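Peer 1: For the sequence shown, our numbering gives the first residue as 3, with consecutive numbering after it.
These are computed hints drawn from the structure, not numbers from a lab.
These figures come from a predicted structure and were not determined experimentally.
Careful, some of the hints might be misleading.
[As the list claims (entries may be wrong)] In silico EDC-like links for lysine to aspartate or glutamate, alpha-carbon gap of 20 Å or less:
#1 K335 with E351
#2 K347 with E191
#3 K355 with D396
#4 K411 with D396
#5 K347 with D396
#6 K355 with E271
#7 K347 with E389
#8 K347 with D334
#9 K335 with D396
#10 K347 with E189
#11 K335 with D392
#12 K347 with D392
#13 K253 with E189
#14 K253 with E223
[What the hints assert, rightly or not] Simulated DEER-style distance windows between Cβ atoms:
#15 N258 with F108: 43 to 51 Å
#16 A256 with Y337: 40 to 48 Å
#17 E271 with H383: 18 to 26 Å
#18 R220 with L20: 50 to 58 Å
#19 W375 with S34: 43 to 51 Å
Glycine included, C-beta positions come from ideal geometry on N, C-alpha and C.
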Amino acid sequence: ERTASGHRLYSQYDIDTLKWLTARLDEGLNISRAVALWQELISSGQNPLQLMVESSPQVRTPRPTHSDTVRQSQPPAIAQRIDAVPLSGDQIGRLRQIWIEACKAFDEESAEQALNQAFATLPLETVCIQIMQSGLATIGAEWQAGQMTVQQEHFASALAMRRLHALLNAAPSPTRSGAILITCPPEEEHTFTPLLLALVLRRRGWRVLYLGANVPIRDLEETIARAQPTLVILVAQQLHTAATLLQMSQKLAAQNMPLAFGGRIFVHEPAIKAQIPGHFLGSSIEKVEELVEEIMRSPQPQHAAQHTLPQHAQALHTFQTYSAQIQASTWDKIYATNIEPSAIKAAFEHLYKTIVASLVLGNVSYLVQGARWLRQYLSMHHAMSAEQIDLFVDTYLAAAETHLPPQDKFILQWVQTISQPDATPA
3 ERTASGHRLY
13 SQYDIDTLKW
23 LTARLDEGLN
33 ISRAVALWQE
43 LISSGQNPLQ
53 LMVESSPQVR
63 TPRPTHSDTV
73 RQSQPPAIAQ
83 RIDAVPLSGD
93 QIGRLRQIWI
103 EACKAFDEES
113 AEQALNQAFA
123 TLPLETVCIQ
133 IMQSGLATIG
143 AEWQAGQMTV
153 QQEHFASALA
163 MRRLHALLNA
173 APSPTRSGAI
183 LITCPPEEEH
193 TFTPLLLALV
203 LRRRGWRVLY
213 LGANVPIRDL
223 EETIARAQPT
233 LVILVAQQLH
243 TAATLLQMSQ
253 KLAAQNMPLA
263 FGGRIFVHEP
273 AIKAQIPGHF
283 LGSSIEKVEE
293 LVEEIMRSPQ
303 PQHAAQHTLP
313 QHAQALHTFQ
323 TYSAQIQAST
333 WDKIYATNIE
343 PSAIKAAFEH
353 LYKTIVASLV
363 LGNVSYLVQG
373 ARWLRQYLSM
383 HHAMSAEQID
393 LFVDTYLAAA
403 ETHLPPQDKF
413 ILQWVQTISQ
423 PDATPA
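All chains, please: the whole structure from these sequences, using the hints.
Peer 2: Okay, structure coming up:
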């Protein structure tokens, strides 16, 4: 519709739509991603303008959409709760809980709708950190406690990772000089945090090279030689990958490559931070942007690495040499029992990784804690009784005493701590 002089007339709906798109641009989305988000909300039965109206009274009430029709196809309980989420007060906590419950129910549509509503009314970083990252942490804790299946945990992780990849693909092009390489050390498979970090830094204009999970040390060295990054960021979540991160960081330090690092394990075991020759990024991703900004202004290698003591290095070599024989002997003696083979395999894997990590990091207390965790894990996730767990541990230790060289008493005493999960390590 146009005026007599030929000027186009805009309806209030057109104006409100432009305001909504402008708000998304202010949050850092490019126009194509903002339009795509609008279309996602409409196709999922939501009215983007209605969401903005309820959180910002300056915008007038828009005309209705077909949301009622779409709602009829959703599981009623979750769909009704999404409708009932207020856009003020504890909005974040409510949307996070709805997203978690939808993931538990394998309800992809409701989970995506909860995120769509969150992205339409909250800053992008807030949704990623306080809903998805925090939600995954809650789901992981419930899995550890035996309150959630591994399938539910994997489903939630897959949805969150898919959303992060889409946001990263839609992020604006780099505007600043210097490249940041983000990756995980060998054996680290948890990639949500490093991918989120890549998204946050990309949205701040940095050129980010994201390599993903489980990158071998040699492959990283080759990539650095080709890409010439200004800064490398490594992320580890577990004890054994903190050990591989340490080994990788020592290689980078030898090349004078500036390094920053982070991850859950360094919050739970803060003493490990002193061994890494790099800048610790802190316990919260909200502050990472400022820390990286400071490092990039003057990208210098951090303090020298705290190298593994010769005694620990020799013990590590001895254990790795004889570990296969210890496991084979243990398996031969315990296979005829009623312990599930999958439980034995999981126990072998955890023990090996924890013993190696404790030696690399030079602290037997990590092995004591790992043995305590293993008992809980075998009991909760493999239904092993205390007697079965004791039988496995005793058989493993007997095999270690048989195969480890008698003159190397240090490694034998180190391994024997797995039979004392309640002991206070020296």
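Peer 1: Look at the Cβ atoms of W375 and S34 and judge whether their distance stays inside 43 to 51 Å.
Peer 2: holds (46 Å)
Peer 1: Starting from K347, check that the Cα of D396 is at most 20 Å away, please.
Peer 2: holds (16 Å)
Peer 1: Taken at face value, is the distance from the CA of D396 to the CA of K355 at most 20 Å?
Peer 2: holds (19 Å)
Peer 1: Assess, step by step, whether the Cα of K355 is no farther than 20 Å from the Cα of E271, and give holds or violated.
Peer 2: holds (16 Å)
Peer 1: Compare the distance between the alpha carbons of K335 and E351 with 20 Å, and conclude whether the hinted pair is satisfied.
Peer 2: Roughly 18 Å separates the two Cα atoms, so the pair holds.
Peer 1: Checking one constraint from the list: CA of K335 to CA of D392, max 20 Å. Satisfied?
Peer 2: holds (14 Å)
Peer 1: Does the hinted range 40 to 48 Å hold for A256 and Y337 at CB?
Peer 2: Because 44 Å falls inside the window, the suggested range holds.
Peer 1: With 50 to 58 Å as the target window, see if R220 and L20 comply at their CB atoms.
Peer 2: Check passed, 52 Å falls within 50 to 58 Å.
Peer 1: For the range 18 to 26 Å, tell me whether the beta carbons of E271 and H383 fit it or not.
Peer 2: For H383 against E271, whose Cβ atoms are near 23 Å apart, the range 18 to 26 Å holds.
Peer 1: Sort out whether E189 lies within 20 Å of K347, counting only the CA atoms.
Peer 2: Holds - the C-alpha atoms of E189 and K347 are around 17 Å apart, at most 20 Å.
Peer 1: Starting from K411, check that the Cα of D396 is at most 20 Å away, please.
Peer 2: holds (18 Å)
Peer 1: Look at the Cβ atoms of N258 and F108 and judge whether their distance stays inside 43 to 51 Å.
Peer 2: Given a distance of about 49 Å, which is inside 43 to 51 Å, the answer is holds.
Checked against the numbered hints above, the structure violates none of them.
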